[in-house]
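The listed protein sequences derive, respectively, from chains X and V.
The end of the first sequence is residue 543 by our numbering, with every number in the run present.
The end of the second sequence is residue 1271 by our numbering, with every number in the run present.
Hints should not be assumed to be uniformly reliable.
Stated by the list, open to error - BS3-like mimics (lysine-lysine), calculated; alpha carbons at most 25 Å apart, straight line:
id	chain 1	residue 1	chain 2	residue 2
1	X	171	X	193
2	V	1263	X	193
3	V	1195	V	1219
4	X	87	V	1157
5	X	291	V	1179
6	V	1160	V	1040
7	X	193	V	1179
8	V	1263	X	482
9	X	87	V	1252
10	V	1202	V	1179
11	X	274	X	482
12	X	260	X	274
13	V	1072	V	1025
14	V	1157	X	90
15	X	290	V	1219
16	X	290	V	1263
17	V	1100	X	482
18	X	171	X	260
19	X	291	V	1263
20	X	290	V	1098
21	V	1219	X	482
22	X	482	V	1054
23	V	1179	X	91
24	V	1263	V	1100
25	V	1157	X	91
26	V	1157	V	1195
27	X	290	V	1100
28	V	1040	V	1072
29	X	260	X	270
30	X	441	X	482
31	X	470	X	441
32	X	445	V	1025
33	X	73	V	1252
34	V	1202	X	87
35	V	1040	V	1025
36	X	291	V	1219
Said to hold, decoys possible - Label-pair restraints from in silico Cβ distances:
id	chain 1	residue 1	chain 2	residue 2	range
37	X	490	V	1070	40 to 50 Å
38	V	1083	X	139	46 to 56 Å
39	X	274	V	1030	40 to 50 Å
40	X	34	V	1191	56 to 66 Å
Don't read these hints as lab results, they were simulated from the structure.
Where is the CB? At the ideal position from N, CA and C, for every residue including glycine.
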Amino acid sequence: MNGTAEPDVVPEAAADAGSPVVPAVGDNATNGLVNVSEQKYQDAKAFMLQSSTQSGLNLYDHLAELLSNILSKRPGNIVDYFEELSKNVKKERAKASEDYIYDRPEKPNEIANAELETTLFKATDEEMDVAMDDDDAQSPVPNIIELGSHFQSAGMSISTEETYRIYFALKTLADTHPLQTVRFWGKILGLEKNYVIAEVEYREGEEEEDDEEQGDEDKEEDENPEDADDEGEEDELPKSTYKPPPVILKEEKGSGANRKSYFVCNEPGKEWVKLPPVTPEQIASARLIKKYFTGRLDALVVSYPPFPGNETNYLRAQIARISAGTQISPLGFYQFDEEEEEEEGEARENFIENPEFEGVSARELCDSSLGNWVHHVQHILPQGRCSWFNPSQKGDEEFEDEEDEDEKEEPDEPEPEVGPPLLTPISEDAEINGVPPWSVKLSHKFAREIAVAVVRSNLWPGAVAVAKDKMFENLYIGWGHKYSSENYSPPPPPPVMTEHASGPDITEVDDPTVEEEAALRAAQQEALEEEGGEEMEEEEEDD
Amino acid sequence: MDGEDLHLTESYVSSSGLCLSPEQKTALQTSLPILRSQNKFTQVYFWGKIMGVKDDYFIAQGVIRDQLSGRKNFYSLDCASWNLMPQVTDDIRAKSLKVKGRFSGDPSYEFEQIDQVETNGIPSEETIVLREEDRLAAVIEGIIQDGAIAPRGAFTKNAKGVVVNNVNFQGLPPLDAVKLGSYLHLREAVNLPQKSLMEREKLEPAIDFLDPIEEDIPKGSWALQEERGHQVTLRSLYWPGLTAYHIPNTAKFGYCYFGLGEKNNDIPFML
Chain X
1 MNGTAEPDVV PEAAADAGSP VVPAVGDNAT NGLVNVSEQK YQDAKAFMLQ SSTQSGLNLY
61 DHLAELLSNI LSKRPGNIVD YFEELSKNVK KERAKASEDY IYDRPEKPNE IANAELETTL
121 FKATDEEMDV AMDDDDAQSP VPNIIELGSH FQSAGMSIST EETYRIYFAL KTLADTHPLQ
181 TVRFWGKILG LEKNYVIAEV EYREGEEEED DEEQGDEDKE EDENPEDADD EGEEDELPKS
241 TYKPPPVILK EEKGSGANRK SYFVCNEPGK EWVKLPPVTP EQIASARLIK KYFTGRLDAL
301 VVSYPPFPGN ETNYLRAQIA RISAGTQISP LGFYQFDEEE EEEEGEAREN FIENPEFEGV
361 SARELCDSSL GNWVHHVQHI LPQGRCSWFN PSQKGDEEFE DEEDEDEKEE PDEPEPEVGP
421 PLLTPISEDA EINGVPPWSV KLSHKFAREI AVAVVRSNLW PGAVAVAKDK MFENLYIGWG
481 HKYSSENYSP PPPPPVMTEH ASGPDITEVD DPTVEEEAAL RAAQQEALEE EGGEEMEEEE
541 EDD
Chain V
1001 MDGEDLHLTE SYVSSSGLCL SPEQKTALQT SLPILRSQNK FTQVYFWGKI MGVKDDYFIA
1061 QGVIRDQLSG RKNFYSLDCA SWNLMPQVTD DIRAKSLKVK GRFSGDPSYE FEQIDQVETN
1121 GIPSEETIVL REEDRLAAVI EGIIQDGAIA PRGAFTKNAK GVVVNNVNFQ GLPPLDAVKL
1181 GSYLHLREAV NLPQKSLMER EKLEPAIDFL DPIEEDIPKG SWALQEERGH QVTLRSLYWP
1241 GLTAYHIPNT AKFGYCYFGL GEKNNDIPFM L
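Using the sequences and the hints given, assemble the complete structure.
The structure is reproduced here in structure tokens:
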């Protein structure tokens, strides 16, 4: 190498603006050539050093940085992803200059959520552990972790971690309210948020009354008599003959569709909200509509026919329908209480756990005749209640018109609706479009010895029950809608009101013509003259 | 979902109730690698489960080089042995749109349906016969058309025009991850060629060669939720049971279908 030449530093060859070997001055013949190639080189370099008008970068620096990047990191197959890398280098350069300008971002959602969930993790101290062992009353929350693993075998479940979070949340619920039993009912998915639902039973006598509801009803009734008085004083307005359809009383807490109470929350860790009891009107409406849940309890349900309530009520109605349709247990687990007297005409409502239940093996439970499973929630009648309510019973507050007493010829009393009694086997359920209402099989294909029996509902996709020996449980995870292979059709609007019946008092008649009027007047004159003549004669006679 | 780490990624979709039993996961761990090597796939995915009345179908998807055109679907009744799904012809596609009802669980079952057809203006009845296997293939193709999605940037077209995984994909930033426009359909672009040149100028050809799901009709047929502030879950309302997930700022994404295999045509009433 010539002494005057600048040494080539090999790795930094591209990074450093090192000039190449310049042969010594001396050879005149080669000098010209060298100068030309050097000139070309200088041109090329000058071109590459041109700053871009758009971004202020120049190609030379960019390539230098890119190649040094590649050589230091040495990723594989770089030639295939060369463009990407080039883009990344540009991005990095832009980012570096802005580093000091951005503020610290707000707390991301993840951290806020995690802080909320830390409330779930409450370690119990020693004293409480001892107390729990001594206490006869068991914790109202069942071991849903163990049940969760059965549902996972069944292939319809949430993750173990989420099950744990729900377990902690249920324990929190049990601690804050006086509850006898708590059960994880399931999860209903929504558009913006989901619902986690717990089914609870209060300890006897402990349930709080919904006082607010009662207060509103009283206020309404007070207003009505006042209005009637006002109307009487002013001109008599025509009284409407519209009689609203009779209100079907909702079932009392603890019976029928309101047998259990429900709490919901959007995510474990958030507050549990109690759902109000359901009315038959809401259940009947819920059967006619099909709407997605948004996840916000105060959302309006915009539908036809209009739903009497908001999403809270719609959710409660769907929960009632799903429970009535899909909560099942192995035959023999529950039995009717022998000591209770059976009232005439009334369906048996109450049942107790059978203390002598020996358990049914998974194989027997998978029997395709489905005779080993029974419903333990009452069926909901078309009316919207579990026990028939006769709407034509005389209720003092409901009928304010006096005409009622006259109408003794009330239309025939509606026939009482009957549904299948409690604890009927699921083999009696009706088929849907030729498909059996339940699908049953073992959870494991290869390890049948440890399998549990899995029963999936085809009427409410997402409802599943598992059982083996003495264990059983129900769960629902889904969108909260019934299955139908036909498309949903909203009920048509009611028929158009007919016109007033035509009769002589409203039939249009042509106005009398001038001739007719003249003729009539003439006839009247004649009649008057005749009378006048008669009167005069009478007067003369009197005189 | 990627067949490699199924047991890890399953928890991302299980908030919708989608889950595999431990036995099934074990069987998949064994059978999916075998499937991959037998067919020389570059990647194998566990696609999902279609629930029939008597039995369920498990679906796996293998990819040879191109992620869009090199896809092949397999089905199995027990996660251990896989059968290739039949090709979907136009005839099968048309028939499957008319046949309604649940899958039975038996691949050789034949659906029969009476259809009102007009031939030369005279209405008449025609019986459509469709094998369950064919219907299954057509339904899965339909679900992929409507429901298979991935975050923008996860797949890229390389210089040869082959759609491959993008190794430089770092994940969507959290603000973008909650926008529907950041997710693309994994299908041959339908809406893209119809866009004007001005709109297309802003797109990057290597990444934006797929349709964004924002333009799906009806609007609102995707429910996007941020779970626990950590993961973004998208659920399709058109095909209930299809769940896709993405964890922002990471390269983790995927989708899975656990459902009845029936389209939800009631969406307009339900939204």
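Status of the hints after comparison with the structure:
1. X:171 <-> X:193: Distance ~22 Å between residue 171 of chain X and residue 193 of chain X Cα, so the pair holds.
2. V:1263 <-> X:193: holds (23 Å)
3. V:1195 <-> V:1219: Holds, at roughly 18 Å.
4. X:87 <-> V:1157: holds (15 Å)
5. X:291 <-> V:1179: Roughly 24 Å separates the two Cα atoms, so the pair holds.
6. V:1160 <-> V:1040: With a Cα-Cα distance of about 20 Å, the restraint between residue 1160 of chain V and residue 1040 of chain V holds, given a limit of 25 Å.
7. X:193 <-> V:1179: Holds, at roughly 16 Å.
8. V:1263 <-> X:482: Holds: residue 1263 of chain V and residue 482 of chain X sit about 14 Å apart, inside 25 Å.
9. X:87 <-> V:1252: holds (22 Å)
10. V:1202 <-> V:1179: holds (18 Å)
11. X:274 <-> X:482: holds (24 Å)
12. X:260 <-> X:274: At roughly 11 Å apart (the allowed maximum being 25 Å), residue 274 of chain X and residue 260 of chain X satisfy the hint.
13. V:1072 <-> V:1025: holds (21 Å)
14. V:1157 <-> X:90: The given pair, whose Cα atoms are some 21 Å apart, holds under the 25 Å limit.
15. X:290 <-> V:1219: holds (18 Å)
16. X:290 <-> V:1263: holds (15 Å)
17. V:1100 <-> X:482: Distance ~16 Å between residue 1100 of chain V and residue 482 of chain X Cα, so the pair holds.
18. X:171 <-> X:260: holds (18 Å)
19. X:291 <-> V:1263: holds (16 Å)
20. X:290 <-> V:1098: holds (23 Å)
21. V:1219 <-> X:482: The hint holds at about 23 Å.
22. X:482 <-> V:1054: holds (19 Å)
23. V:1179 <-> X:91: Holds, because 22 Å separates the two Cα atoms, which is no more than 25 Å.
24. V:1263 <-> V:1100: Answer holds: residue 1263 of chain V to residue 1100 of chain V is near 10 Å, not above 25 Å.
25. V:1157 <-> X:91: Roughly 20 Å separates the two Cα atoms, so the pair holds.
26. V:1157 <-> V:1195: holds (19 Å)
27. X:290 <-> V:1100: holds (19 Å)
28. V:1040 <-> V:1072: This hinted pair holds, its Cα atoms lying about 12 Å apart.
29. X:260 <-> X:270: holds (22 Å)
30. X:441 <-> X:482: holds (22 Å)
31. X:470 <-> X:441: holds (18 Å)
32. X:445 <-> V:1025: holds (12 Å)
33. X:73 <-> V:1252: The given pair, whose Cα atoms are some 24 Å apart, holds under the 25 Å limit.
34. V:1202 <-> X:87: holds (16 Å)
35. V:1040 <-> V:1025: Satisfied, since the Cα-Cα distance of roughly 22 Å is no more than 25 Å.
36. X:291 <-> V:1219: Distance ~15 Å between residue 291 of chain X and residue 1219 of chain V Cα, so the pair holds.
37. X:490 <-> V:1070: 40 to 50 Å: About 44 Å separates the Cβ atoms of residue 490 of chain X and residue 1070 of chain V, which means 40 to 50 Å holds.
38. V:1083 <-> X:139: 46 to 56 Å: holds (49 Å)
39. X:274 <-> V:1030: 40 to 50 Å: holds (48 Å)
40. X:34 <-> V:1191: 56 to 66 Å: holds (60 Å)
Every hint from the earlier list agrees with this structure, and none is contradicted.
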